[in-house]
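Participant: Protein sequence lines, in the order shown, are assigned to chains D and V.
Each residue of the first sequence is one higher than the one before, counting from 216 in our numbering.
Each residue of the second sequence is one higher than the one before, counting from 216 in our numbering.
Please note: incorrect hints may appear among the correct ones.
No distinction is drawn between identical chains; accordingly, a pair holds when it is met within one copy or between any pair of copies.
[As the list claims (entries may be wrong)] The list that follows gives simulated cross-link-like pairs (lysine to any residue, SDA-like), each with its CA atoms no further than 25 Å apart:
| id | residue 1 | residue 2 |
| --- | --- | --- |
| 1 | Lys275 | Leu783 |
| 2 | Lys271 | Arg754 |
| 3 | Lys586 | Gly492 |
| 4 | Lys359 | Glu265 |
| 5 | Lys359 | Asp339 |
| 6 | Lys271 | Glu322 |
| 7 | Lys779 | Pro360 |
Note that these hints are calculated values from the structure, not bench results.
As the structure is a prediction and not an experimental result, all values here were calculated from the model.
There are 2 protein chains.
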Amino acid sequence: MRIALGQFNATVGDLAGNVEKMKQMWARAVEAGADLVAFPELAICGYPPEDLVYKKQFVKDNRAALEELAAWVEGAARSDRGRAARDTQGRDALATTLVVGFVECSEGNLYNSAAVIQAGRIVDIYRKTLLPNTSVFDEQRYFKPGARPVIIDMAGLRVALTICQDIWDDQWLASFFAGAGRIDLMVNISASPFHVNKIYQRHEVVGDCAQIFRCAVAYCNLVGGQDELVFDGRSLLTDSMGRVVTQAKAFDEDLLLADIEAGEAGVHVRPLQPPVGQPKDEVEEVYQALVLGTRDYALKNGFQQVLLGISGGIDSAVTAAIAAAALGPQNVICVTMPSRFNSPGTIADAKLAADNLGCPLLTIPIEPILKPFNESLKAEPRWNDRGLAYENLQARIRGMILMSLSNQIGALVLTTGNKSEVSVGYSTLYGDTAGGFSVIKDVLKTMVYRLAEYMNELAGHRPGGAGLRPDGAGREAIPVSVIQRVPTAELRPNQRDRDSLPEYDVLDRIIMGYVEQDQSARDLVESGLPAGEVERVIRMIDRNEYKRRQSPPGVRITAKAFGKDRRLPITNHYTTTIRKPEIRNPKSETNSKHE
Amino acid sequence: MRIALGQFNATVGDLAGNVEKMKQMWARAVEAGADLVAFPELAICGYPPEDLVYKKQFVKDNRAALEELAAWVEGAARSDRGRAARDTQGRDALATTLVVGFVECSEGNLYNSAAVIQAGRIVDIYRKTLLPNTSVFDEQRYFKPGARPVIIDMAGLRVALTICQDIWDDQWLASFFAGAGRIDLMVNISASPFHVNKIYQRHEVVGDCAQIFRCAVAYCNLVGGQDELVFDGRSLLTDSMGRVVTQAKAFDEDLLLADIEAGEAGVHVRPLQPPVGQPKDEVEEVYQALVLGTRDYALKNGFQQVLLGISGGIDSAVTAAIAAAALGPQNVICVTMPSRFNSPGTIADAKLAADNLGCPLLTIPIEPILKPFNESLKAEPRWNDRGLAYENLQARIRGMILMSLSNQIGALVLTTGNKSEVSVGYSTLYGDTAGGFSVIKDVLKTMVYRLAEYMNELAGHRPGGAGLRPDGAGREAIPVSVIQRVPTAELRPNQRDRDSLPEYDVLDRIIMGYVEQDQSARDLVESGLPAGEVERVIRMIDRNEYKRRQSPPGVRITAKAFGKDRRLPITNHYTTTIRKPEIRNPKSETNSKHE
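Using the sequences and the accompanying hints, generate a full structural model.
Facilitator: The structure is reproduced here in structure tokens:
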């Protein structure tokens with residue numbers, strides 16, 4: 216049996232567009248002689264549709280789109296092109312089976328379902344049974360679970376259907392199919408969002424599934440960015456030993472083709488394409504996720520261009536480089552907004568960073584605005600220009616300049632804060648957090664440095680190498696002087712991040728433990744982190760929930776990002792301390808760049 | 216049997232503070248001779264604790280707080296005061312039963328549970344069985360359901376326990392207790408958030424429960440504000456006919472006492488207190504909800520003072536009046552920030568509105584900032600001062616002034632947008648939406664007018680009356696000239712809301728249908744609304760999800776607010792139209808005051 220996995224980039228709510236993409240992939244699959252074509256979970260409407268499924272009209276329209284696809288498939292099979300495929304491949308396109316995810320409504324209940332379509336007719340429907348309701352998932356908010364296994368006989372093989380989470384619980388899976396007889400191939404259609412190293416978990420889960428049933432597994436994943444989520448594709452096929460035999464592209468559309476043959480010794484998988492390159496490590500994964508997430512957020516929301524403030528620091532340089540990779544450097548407008556607190560080195564590096572990438576640069580000094588603003592605020596007698604409020608004012612003037620330009624020219628503002636800053640609230644609300652998309656908000660500062668080095672390698676620049684050549688080759692994506700600069704917000708004379716924060720390697724370890732793994736202060740101290748820093752950082756993280764609540768979405772790259780993953784109250788008097796619990800001091804709405 | 220329902224204002228995460236409040240209420244209840252004292256759902260940790268329950272230390276600390284309460288209760292019973300209560304009331308405080316909600320961890324699973332405490336020991340635990348996972352609720356994210364009914368024999372009565380949602384499904388409830396024998400009293404501990412007219416639903420649900428089992432029902436609800444939610448209290452008791460015999464205060468703490476007597480003809484309830492006043496209609500309910508929600512958000516987050524921009528329009532005047540009622544007028548700093556586009560009438564009304572309430576007023580004209588800002592932005596050749604970007608710039612300068620003052624003096628910024636504006640995005644991101652709490656974000660414009668009139672009645676002002684008297688009585692809370700002003704943003708000459716939006720009565724009907732009831736465009740047109748306006752408004756609502764995502768929390772007063780209630784993707788190509796579905800035009804990041 217020949218199978219095709221149609222890993223495509225769906226857009227939530229774009230029923231017509233998603234169907235169109237599937238038609239094109241279906242035609243290619245049929246020309247390649249596929250007996251079975253599978254598309255991802257909820258491929259008709261995109262994933263996750265969230266509360267759109269509460270709209271009855273949406274669910275109806277999604278059903279109509281499914282039926283339109285089914286009818287088209289039949290028409291195409293009967294067309295000249297369909298007949299040509301049959302003549303070339305010796306297979307009848309009318310006999311090709313299509314499996315596709317959609318929202319099913321039955322007797323007032325909604326299901327996350329897979330339709331099985333043959334000769335233009337929906338011949339069976341499988342309903343997802345395990346509905347994830349933790350992490351970023353809210354499926355029990357919407358869907359009822361299925362209860363019935365679906366197994367299709369096809370080209371001499373017994374093919375079982377599952378949807379995403381269904382295969383992530385071994386024990387349940389075995390009991391669900393107990394008594395269902397032999398399974399030769401398990402088709403799993405998924406919308407499995409990316410996080411760092413998740414691919415290894417997936418290989419394990421899919422491999423376990425193969426071994427339980429001694430069947431091949433065809434795992435078809437979604438690809439593309441959807442708000443905070445990025446789906447990484449990497450659809451794959453294992454043989455009945457659980458070995459990954461072939462894998463589709465990462466972070467790109469792909470049609471994965473293979474032949475499945477059941478024999479005495481098990482079920483074999485024979486790929487029909489040469490292997491494609493895969494990300495070589497987690498830094499490359501993260502880079503590709505950020506590029507795709509940024510591109511899709513911009514383009515799917517109607518923006519060809521982005522703009523951002525470029526400071527001469529590493530965060531904005533890395534953000535600009537990712538945006539340039541996503542949208543082309545000419546579409547990334549860098550704005551440098553110096554004040555009297557910026558060093559000549561920083562100002563020069565801001566220009567160098569933009570120039571190296573080939574991005575347009577606009578310079579708007581903020582002093583002419585800062586000065587009258589400061590004067591006007593003296594109407595409040597307590598106002599002064601020596602504290603946090605004055606520092607935040609500078610950041611906010613920059614945010615307003617970017618938003619004004621955005622409104623005037625229609626480019627999306629990217630914010631440049633990293634996860635270390637976002638965690639402890641080392642940012643100004645409506646200042647550097649102002650914008651539509653926050654590219655590196657889930658990237659810890661230590662990973663930002665690794666990304667910078669990776670991007671320089673990618674650009675062909677070797678550390679300590681010769682620098683610029685006339686043809687631009689060997690030019691650093693991120694100037695070395697930017698990488699080497701001691702982190703500073705430059706909102707007052709001689710300011711440095713480390714005056715307000717622990718060193719970033721310590722800070723990032725605390726964040727990983729406290730935010731991503733829900734460890735307590737005691738756990739962290741026992742793991743060797745300094746008690747004083749642990750308590751200070753946790754207090755900062757807890758107090759800054761209100762800032763994060765108003766920050767733009769950004770690409771999720773970890774198993775716990777700030778977003779749908781982590782739902783904490785703003786009003787919250789709990790703190791975990793090493794000593795006994797105590798009532799937290801009231802926070803003040805400082806929104807400070809340092810706390 | 217004498218029962219006491221301890222309706223108290225818990226704070227999420229404030230384990231020690233919540234326990235302290237319960238101790239005080241318990242002592243009062245015991246002095247009043249109570250046999251049974253009940254506190255609300257998750258009273259130990261506050262509701263909803265959200266992802267705090269993922270922290271193992273939090274769950275442990277919550278258990279320790281429960282046990283500390285239990286031990287204290289025993290000690291208090293054995294104390295002089297406990298003995299004095301016994302001597303006065305002829306009841307042994309050691310025999311008083313305490314029912315209190317907490318997070319239970321058992322074999323790695325979490326339960327939303329009620330502990331039954333007698334003589335300092337936890338003698339039984341009931342686990343909530345129906346876990347709501349729609350609307351604002353995510354309980355299946357955290358908790359496993361219970362499976363076992365708990366019935367306690369107490370003072371000759373059979374008392375069953377349930378938690379909140381458990382009694383909202385008649386059929387399930389009857390089957391859950393089938394075979395459990397006679398029930399004389401159903402105790403339901405709840406954390407049931409307010410929305411307009413929900414009290415009638417509650418009366419019905421509680422009454423139905425009473426009739427099913429022919430038992431009295433003691434319904435103990437939480438009170439207080441928690442981020443977007445307000446719990447309205449109104450704990451109540453019904454007799455076995457389902458009649459509401461007594462009801463605790465609305466939007467305030469209360470200890471509701473009654474005697475329960477089972478006889479031949481059913482179970483009777485005899486209140487021990489005179490009836491308390493209840494909100495007379497939905498406007499009064501909304502007013503009280505907004506006041507409590509605002510007070511609790513400010514105080515629980517450590518703010519004694521708030522500040523807001525006051526424009527001379529009705530939204531900011533109403534917001535200021537609510538804040539003044541919540542925190543005292545001296546703690547509500549009004550800032551008027553006129554530009555050349557504001558009429559003399561508006562400027563005068565801004566002052567009058569603040570003066571009438573007795574709030575301090577600060578004046579900071581924006582022209583001295585607007586002018587150099589506009590000059591600087593000419594660095595971008597496409598910049599001009601005649602479009603939306605220039606209008607937004609004015610709103611953002613005002614937002615920055617408020618945030619600068621907030622940072623300097625430590626007052627919380629209140630935003631003043633109403634639900635009609637929030638729905639269609641008639642606001643400037645980081646401009647008038649900048650702030651920590653959005654008092655009327657769930658209040659439609661038509662309701663804002665009703666609130667203004669209600670507050671004037673409350674202040675003793677009769678429409679058409681004599682105006683100011685020397686003692687201030689009869690002074691309008693909201694000046695009549697403010698109420699009568701034609702709505703305008705005053706960001707360009709002669710601007711009026713109705714140039715950009717439908718009339719508010721039409722707009723509000725569309726929002727109620729589309730947002731609150733998930734009706735389609737076709738539904739709305741069939742209900743008599745104009746097709747053109749319906750399509751235009753729906754497009755605006757859909758396109759402005761990104762603005763709402765970054766807006767501050769505010770008081771939820773409807774069954775569907777923008778917040779945890781309504782989870783829609785930002786990236787979303789679906790629109791419901793009267794004609795066949797079409798691909799939406801890309802939105803542009805205009806953040807405009809009019810779209």
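Participant: Each of the hints needs a verdict: does it hold here or not?
Facilitator: Going through the hints against the structure:
Taking the shortest Cα distances, Lys275 and Leu783 sit within 25 Å of each other only across copies (18 Å), while inside one copy they are farther apart (35 Å). For a Cα distance limit of 25 Å, the shortest separation of Lys271 from Arg754 across copies, 17 Å, qualifies, whereas the shortest one inside one copy, 45 Å, does not. For the identical chains of this complex, Lys586 and Gly492 are neighbours neither inside a copy (54 Å) nor across copies (55 Å), given an alpha-carbon limit of 25 Å. Proximity of Lys359 to Glu265 under the C-alpha cut-off of 25 Å is found in both arrangements, the shortest distances being 14 Å within a copy and 23 Å between copies.
In this homomeric assembly, Lys359 and Asp339 come within 25 Å of each other (Cα to Cα) only inside a single copy, at 18 Å, whereas the closest approach across copies is 33 Å. Only within a single protomer do Lys271 and Glu322 lie at most 25 Å apart by alpha-carbon distance; the minimum there is 13 Å, versus 41 Å between protomers. In the homo-oligomer, the alpha carbons of Lys779 and Pro360 lie at most 25 Å apart both inside one protomer (22 Å) and across protomers (23 Å), since each shortest distance falls under that limit.
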